[in-house]
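Enquirer: With the sequences and hints as input, model every part of the structure.
Read in the UniProt record's numbering, the sequence shown has 84 at position 84, and its numbers run on one by one without any break.
Think of the hints as simulated: they come from the structure by calculation, not from any bench. These numbers were taken from a predicted model, which means no experiment stands behind them. No residue lacks a Cβ here, since even glycine has one placed at the ideal position from N, Cα and C. Certain hints may be false.
Said to hold, decoys possible - Restraint ranges, calculated between C-beta atoms of paired labels, are given here: (1) Asn95 to Glu122: 23 to 29 Å; (2) Asn18 to Asp81: 32 to 38 Å; (3) Asn9 to Ala83: 16 to 22 Å; (4) Arg104 to Pro23: 31 to 37 Å; (5) Tyr120 to Glu16: 16 to 22 Å; (6) Gln47 to Ala76: 30 to 36 Å.
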Amino acid sequence: MDFEQINGNVAGYSYERNVAVSPVAKYPFKTLMHEIGHVVLGHTSEQGLEDYREHRGSKEFQAESTAYLALNELSATDQFDAAESRGYIQGWMRNERPDNASIRQVFTATNKILKAGRCYAENVSM
1 MDFEQINGNV
11 AGYSYERNVA
21 VSPVAKYPFK
31 TLMHEIGHVV
41 LGHTSEQGLE
51 DYREHRGSKE
61 FQAESTAYLA
71 LNELSATDQF
81 DAAESRGYIQ
91 GWMRNERPDN
101 ASIRQVFTAT
111 NKILKAGRCY
121 AENVSM
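Expert: Listed below in structure tokens is the structure:
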């Protein structure tokens, strides 16, 4: 969807099943994957919003980790700065460690995104 945020520090956002990426985002593909991660992880659903607000650090870890893994799997490491991504995660986690369930959710979301992209690519090329 069109990016309509006036805060210059926001590279992207998502709500419900919608995502938007700033036209001036430093890493637009990574930002898109991050925001899609929020959607696939359920952070933007009506039920997920309250949990997101309460555990925002963990949810940002999940979305950024999903983007990180997806871009690595797609050999798109030139589309983001790995050190910046790790710093983003560390900033949100504040020395906390994610639990095993959160980590499993990251891998599940990454797999769903990659599978959906592959299915789309196969259908487009036909």
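Enquirer: Let me make sure I understand: some of the numbered hints might not hold for this structure. Which ones are they, in numerical order?
Expert: As far as the earlier hints go, 1 and 2 are violated by this structure, in ascending order.
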